[in-house]
Amino acid sequence: MSKRVYINVAVWVLLLTVPLWFPWIGGYPALASRILVYALGAMALNLLLGFTGCMSFGQAAYFGLGGYGTGLALIHLTDNTVAAVILGTALGGLAAFIVGPLIMHRRGIYFAMITVAVGQIFYFIAERWNSFTGGEDGLTFSRQPIHFGPVVMPLNAVPFYYFVLFFFAIGAAAMGILLNAPLGHTWVAIRENRRRATFIGIHVERYVWASFAIAGMFAGLAGALNALQNNFMSPANLYWIESGNFVIMAVLGGMGSFWGPLIGSIILFGIQDYVSTYFPNNWEIFIGVLFIIVVIFFPNGVLGIIRRRVKAA
Amino acid sequence: MSLLRLKNVSRVFGKLVALQNIELEMEEGKVYAMIGPNGAGKTTLFNLISGFFPATTGEIWFEDKLINDLTAEQRVAAGLVRTFQITEVFPELSVAENIRIGVEAQENHSAHVWASAQLMRQVNGGVDELLEITGLTQQADRIVSELAHGDQRVVEVAIALSMKPKLLLLDEPTAGMGRAEAGRMVDLIRSLNTKQHLSILFVEHDMDIVFGVADQIVVLNFGKTLATGTPKEIAENPAVQAAYLGDAA
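Sequence order for the protein chains is A and B. Mapping to the numbering used here: the first sequence position 132 is 235, numbers consecutive. Mapping to the numbering used here: the second sequence position 204 is 422, numbers consecutive.
It is worth saying that the hints were derived from the structure and are not from the lab. Virtual Cβ for every residue (Gly too), placed ideally from N, Cα, C. You can trust all of the hints, since none of them are fake.
For each label pair, taking beta carbons as the anchor points, the in silico distance ranges come out as:
#1 A/GLY211 - B/ASN256: 30 to 40 angstroms
#2 B/ILE304 - A/ILE128: 50 to 60 angstroms
#3 B/ALA290 - A/PRO122: 53 to 63 angstroms
#4 A/GLY373 - B/GLU310: 21 to 31 angstroms
#5 B/LYS283 - A/HIS306: 14 to 24 angstroms
#6 B/ALA290 - A/ARG107: 31 to 41 angstroms
#7 A/ARG297 - B/LYS283: 27 to 37 angstroms
#8 A/ALA133 - B/ALA290: 46 to 56 angstroms
#9 B/GLU246 - A/ILE395: 53 to 63 angstroms
If you want the footprint, here are the derived chain B segments under chain A, 3+ residues with CB under 8 angstroms:
#10 308-315
#11 320-327
#12 330-344
The shape of chain A in the complex, shown without the other chains:
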């Protein structure tokens, strides 16, 4: 219990002080923001994958919908960046909520395939609906400074990092609360033994639905922040390869652990940023090799290795 408190304090202190120490190891604010955005998306996926035991390969759809929702809101509805984030998040969650009943009856590989199929439907809609989404060319918009009464906060480098961290904190805290509540216990029960869960009266499918919808909502939040970071949305953010990136982050960092996806995101973008300087065209090979090593030798991810060390010591 107390160990978990220390870890959480350490994580939050490190995240809050990123502008102080990150440049020392060659980082910069935009990289830190990107790591947090994708970590949030991967943590959302991890609700399903790591804690409910359902392999979703279509998480990018809700991530992308969050982005389009936010971008379109900024273009058509509002200058308020926070309101746009909320709208994007709601769109991701709503879409996952509606899709949920289609997929909640499926298990294992069938669940994964249907999440891919549904995700690709959203991808094709975004790609073909030129008049609304900009189609293949993508959608350009611009995040607006935030007004606190007379004080204006511009959303450039470091302030934008804190803007992202604010929403990351809300998302992480909400997921942490859910996982520590009976709902989270029920999800884990489903992951551990569906049959047993059914026969103590748990309606497994409804809980899978809830997990899917909530994971979709937080993916939408991550997608909204991603769109703001780029001031641009492209259908590629909904493509199944993007879904694969979230899975890779969750698996690399450790599916069973709360902070695992954050570690996975740090590894993925760390390698991308540093290695691509030397191997601009084939840096992904490093991710591939690392992924294979982790899956074969450390199925519980990087955090799993550390935990085992701690236990053995």
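Using the hints provided, position chain B relative to the given structure of chain A.
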């Protein structure tokens, strides 16, 4: 009033008559054992009672209610709770967490998104009580998959107990256990009956356990009830001796 009553129950799989005209009446507060050679229909009867599949003909009554049409989940809610021949637990969670899932499900808390202090006190109280009843208090924080087989089966019983059963169905509770472990399970079954006043029906192959624990024994053979009675009556029953106990009896 009888707790469980089977009237003329049969089950047919294709051309195989697995159970034929079973009559069974269970009184409240007693321990019943079901015995019979392999293929006698014990597990089939367990599945019929717990609702895994329907009876082909006949009526199943529980607490004066006809339950033929209730699903397995609805029967659990009604108080008919079973364990399985193969241990069914939540392997990578601790003993206390396993039981907590059951307690939260039983009290309809499973969907709560906020663990208030009051709720957790209430849930933890229920968990502690079950840990004590089943003698698992010392192992509360151990991961279940790391426990000995016998202890894992006790965890399964504890999960079943969290459902607040009126009738507990145990399918071969000592299967695969050594003497000492089986002895602990027997003690648990006894104390559940005497201290918690729980009615129990169990399937068992070990005759020492059956004759040592049961108030009533039901003998199945070739899908029919061969005899029902106290251990003494069963031991002295010539039909049972001939068909089942053989020369040993």
